[in-house]
Structures are given as C-alpha cells and as structure tokens.
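Peer 1: As a plain string of letters, each chain reads:
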Amino acid sequence: MILTQEQQAILDGSKGEVLAKVMKTLVMYGDAFGAERMVPVTSKYNHLVTSFGLKMMTPVFNLMQQLIDAGVVSSQQFSVDPRPVDPDVPANFLQKLIFTKIMYATQDFYEGQLQKLGLMDEDAFTCTCYMDEVGNKPERGDVLSWAESSAVVYANSVLGARCNRNSGIIDIMGSIAGFVPEFGLLTDEGRRATWIVEIKTTKKPEAQLLGSAIGMKVMEAVPYIKGLDAWLGSELDDAACTYLKDFGAATASNGAVGLYHIENLTPEAKEQGEALIAEGAQVYVVDDAELERVYRSYPVIWKNPDAKPKLCFMGCPHMSLEQLKNWTDKVETSLREAGNKKVLIPTVFTASPAVLKEFEKTEYAARLKATGVITSYICPLMYMNNPLCGKMPVITSSNKLRTYTTARYYTDDEILAQITKGGAKA
Amino acid sequence: MRTFKGRVIAPGSVKAEALVSHGGLNTLASFQKALQFGDKTATCGDQNNPDLYGKQMLGKALCLPMTIGSTTGGLVLYCACAMKRQPACMLFSKPIDSLAAAGAILADVWLDDVSMPVVDSLGDEFLDYVKDGMTITVTDDGEVIVE
Chain S
755 MILTQEQQAI LDGSKGEVLA KVMKTLVMYG DAFGAERMVP VTSKYNHLVT SFGLKMMTPV
815 FNLMQQLIDA GVVSSQQFSV DPRPVDPDVP ANFLQKLIFT KIMYATQDFY EGQLQKLGLM
875 DEDAFTCTCY MDEVGNKPER GDVLSWAESS AVVYANSVLG ARCNRNSGII DIMGSIAGFV
935 PEFGLLTDEG RRATWIVEIK TTKKPEAQLL GSAIGMKVME AVPYIKGLDA WLGSELDDAA
995 CTYLKDFGAA TASNGAVGLY HIENLTPEAK EQGEALIAEG AQVYVVDDAE LERVYRSYPV
1055 IWKNPDAKPK LCFMGCPHMS LEQLKNWTDK VETSLREAGN KKVLIPTVFT ASPAVLKEFE
1115 KTEYAARLKA TGVITSYICP LMYMNNPLCG KMPVITSSNK LRTYTTARYY TDDEILAQIT
1175 KGGAKA
Chain C
910 MRTFKGRVIA PGSVKAEALV SHGGLNTLAS FQKALQFGDK TATCGDQNNP DLYGKQMLGK
970 ALCLPMTIGS TTGGLVLYCA CAMKRQPACM LFSKPIDSLA AAGAILADVW LDDVSMPVVD
1030 SLGDEFLDYV KDGMTITVTD DGEVIVE
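Read top to bottom, the protein sequences are chains S and C.
Be aware that the first sequence starts at 755, since it is given in the working numbering, and climbs by one per residue.
Be aware that the second sequence starts at 910, since it is given in the working numbering, and climbs by one per residue.
Please note that a few of the clues may not be correct.
As the list claims (entries may be wrong) - Listed next, the in silico BS3-like pairs over lysine-lysine satisfying Cα-Cα at most 25 Å (straight line):
1. C:K942 <-> S:K809
2. S:K809 <-> C:K949
3. S:K850 <-> S:K809
4. C:K1040 <-> S:K1057
5. S:K1145 <-> C:K949
6. C:K964 <-> S:K809
FYI, nobody ran anything at the bench for these hints, they're computed from the structure.
Construct all of the structure, not just a fragment, from the sequences and the given hints.
Peer 2: Spelled out as structure tokens, the structure:
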C-alpha cells in the first residue's frame, strides 16, 4: 500500500506508539485485501457494533482503555448497537441477577468508555442508526468505517454509501485515523454483482426468509436481484425501506452479504441497471418451493420442539416507526378476530430509543400497550445469550436472532397467529 | 500426504489436528458460549454448522472456506486469542474475508504472547482433501502439509 507522508509518519510513531499500532492494524488490514491506498472517511458519524459490557469482552475493554489513556480518540462521534439489558423486558429473578451481576456487570464501565470515545448521545444505542429519528444517516457516496452487519448492508445497498463489512474494533480504528484502506465495497469493481437472483414467487416473499435464502446461497458475494420490485415497487418509501432493513439483515447474518442491488429500486441499480452485473455471474432462482425448502431446513434446537413459547421477540434489527404502527394495527385486528383482549405470549417489540420516543407521541403507543405488547430498546440477541434464556422456548420472525440464538423462526403471519390466537397458523 | 501453498496473513508455524468446516464459520455463533461461560475447550455453538457444532475448536487446525455472520466476528476472534481459546491455526481455502482478517490482525498487532498462524487462498482442493483428525503442519512461508 502506498501511504502519504503523514500516514507513513504516523506508522513510524510520530504521534505515539498507540496511534502507530492503530495505523499498523489498518495497513495490515488493507494489505490483506490488496488495497493500494487509504481514503478519507467522509460520513458525519461513525457506527460501532460493540455495545455490551459483556465479561467475555474484557480484552476489548482493555484495548479501548489503551486508546483512551493515550488520548487516541476519534473526531467523529458515533452511534452504537443496542443495550443488552432493559428492566422492562420479562425476566425471572435469577435471570435478572445473572444479567446485572454477572454477564453485564461491566455495562456501566463500558458505557463510560464509549462516552470518552465519542458516543453521539446517551440514547444512541441501536442497530438501526440510519433511521431518521436517530440521525446517523450517511449520504450517498459517503465512505464509512462502520461495523454492524445489518447497518453496513443497509448503508451500502439502500443509501448508496460505501463501507466494507468491518469488524468491531476496526470500526473505531478507521474513524480514529480518519481514513480506511480502499478495497472491496469501497471500489466500483467490488460493488459489481457476481450473482443474479431471480424472484419467481407467487406472493410477496417474506423479507427475512428471502434474505436468509440469498445469504446462504451467495455468502459474501454481491447479488443483483430481479423481480423483487414487482412486490416492493420502484420507490424507497417507508414500506420498502423497512422490508429491505429486515431482508438485508438476514442476508448479512445467514451469509456475509455487505451489498445487494434490487433492480429498479436501490440507487445504484436504478442508475446503472444490469451494467452492475459482472461477466459470468451465477444465477439463483427463488420460487415458493425454494423458500419452503429453506424454511424447513432450519434446525429446531429446543429441548422440547413442541414446547409452548414463553416469549416472543420482534425487532432484530430494531423496528421502524411504520413497522410499530403497522404491527399495532395487525395485533389489534387479530386479537379482535380471536376474541382475545391481550397477547397470549409475552411479546416484546424492540426499536431504537429515538424511534420509541416518537412512537410514544402517537396514539398507537397506548393502543399497543393495551394489547399487552411491551416495547423496548434492548438487543434481543444479547438478551438470549445466556444458558437460562437459551433454554427458553422463544419465538421470533428475525432470521438473525434465529441464527445466533436458540430462538425459533416463524413467518410474520405465524408469529401474529401465535401471539394473538395461540396457534402457528395464520 | 499432500502439500498446499497459501498466502500468509498471520505468520507462524504449528502442527495440529485438523477440524474441517465445509460451510462458512459463523464466528460469533461458534465462539460466544465458549467465551462467555468458561468453556476452555471452545466447543462450537453454531447450530447451523453441522460440521463443527459441538466439537472442540481449541488447539485444532481449523480448515474452512471463510467466516460469515456478525461483524463482531473479528473482535470475538481477538477475544478468543486473548483468552487462549483460539484454534491452533486457521486455514482458509478462499481469500480471507474482512472479519477473519480483522481478528487475526488485531491479535497479531495488539496481543504480545499469542500465536495463531493464518493462511488463506489454499484452494477448493484443500478443503476437498482434508478430513477431521488428519495431521496438519503449517510452515512460516504458508506451506500446509496434510497427512
């Protein structure tokens, strides 16, 4: 990699040993991918993936402390993934004890570190930082040093920003340095599609299921998706963006997709069309049977597969304002049809603190509360990451949550039926 | 016995028993239980990986195409190295992905007493040939001997 004089001086230690190690990390990172130069980070804000004061993360906290002690912090403020605990989310005495006293005992300490490193504000904890209500929404063409797979794939695909699938820690190091190695999804060539996905379903495919199928098929490649605009339209309105949020999270967690193009919908596909498709691209056809096959392939790892669900999580990634409103309508209607007043399974809808504040201002908030659904800013994934919750029969329509935990996946309609009518059928 | 030549991402030499994943290694799903709850053998907890699920990863020559999943992947690998629960080495058939590279590089730059050689671009033939339990020798220059 060819470094500027300033970058080389930093690498040689002109601004201290710790910043030199940050630089060395970025140079090695770039070298691994054949980057020829560093390019400036241009977004207003950064986004970090590491939000949790989890005991196993002690080596990360030690590294962060080295940065803080040396005064090696970023000039960019950042948002960060959701908090791992929320007293409003149902948990028994033992679970609460384990969460607060053992697993996340270092949460306050770590949030103190985040403040020193440049946290945007005390509510900037969400995986959907790009929501208008949160305010960390990069411009098209911005170069980012973000992590969080669902946010990166959204920023690349829906917003047209440029960001690699950076790991945690690399995210803050690029921001501190102010530049990142230019490779992969930062380049025009890296943004070309090597897979064509043809959607031939008879109904609108479930976002989380389609994303899972594509992620598992193409892995880290860039797919160019044809036929989905028939179901989503050609404008990135709230409904389309919400769909793509959930779809993208599934592609990124069930595979390693960092960018997708949707024909006639996402910005680069609208502008460049099939010119984005690389020569020799492979083809994957998704029809109803393929989605059914993928759905049936998910292992059920509950000890008792027939157990009655004890908890339902919706909102991984965090729900949008429109999603909260739509689900309020759906839950109310379905409860009414079933002759029930409240949900039959403890149910948590998660969203960013900023979105929840806006939701509270609407008449929907009281209506949702009346159905018994709880709203929370928690990260469901972090909630589930312990043996006690791992043994609980938890249901979700998040394919990301399914992938990382013991939660069992159902489609949105099945989830609705389960929580309002007590059965899996819609 | 066969010898494969790859590219060195993190230098080092080691001899260890092969553990093979034909699908991508989901780093967070694979390591989180082991790191969080004191499993010193680093038993793989990824339910979606039938090749590795329930198997000990500590000290094994982990042979895989790539890593996938959450962008915590690199820091999880870094933590595994810092807590001495890492594989003996990681051997990728494909060019390395950004998350695995981050983990290997962070461990190499920021940890003083950890060695986890990482070699990539060993080719599909490598993964076709290597089987669980085979003996793997990795040399400093990225040569991988499978026997």
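Peer 1: None of the hints should be skipped; say for each whether it holds.
Peer 2: Results for each hint:
1. The suggested pairing of C:K942 with S:K809 holds, with an alpha-carbon distance near 12 Å, which does not exceed 25 Å.
2. For the hint linking S:K809 to C:K949, the alpha-carbon distance of about 15 Å falls within 25 Å, and the restraint holds.
3. At roughly 16 Å between alpha-carbon atoms, S:K850 and S:K809 fall within 25 Å of each other, so this suggested pair holds.
4. With a CA separation close to 30 Å, the supplied pair C:K1040 and S:K1057 exceeds the 25 Å bound.
5. With a CA separation close to 21 Å, the supplied pair S:K1145 and C:K949 stays within the 25 Å bound.
6. With a CA separation close to 23 Å, the supplied pair C:K964 and S:K809 stays within the 25 Å bound.
The structure does not agree with numbered hint 4 stated previously, though it agrees with all others.
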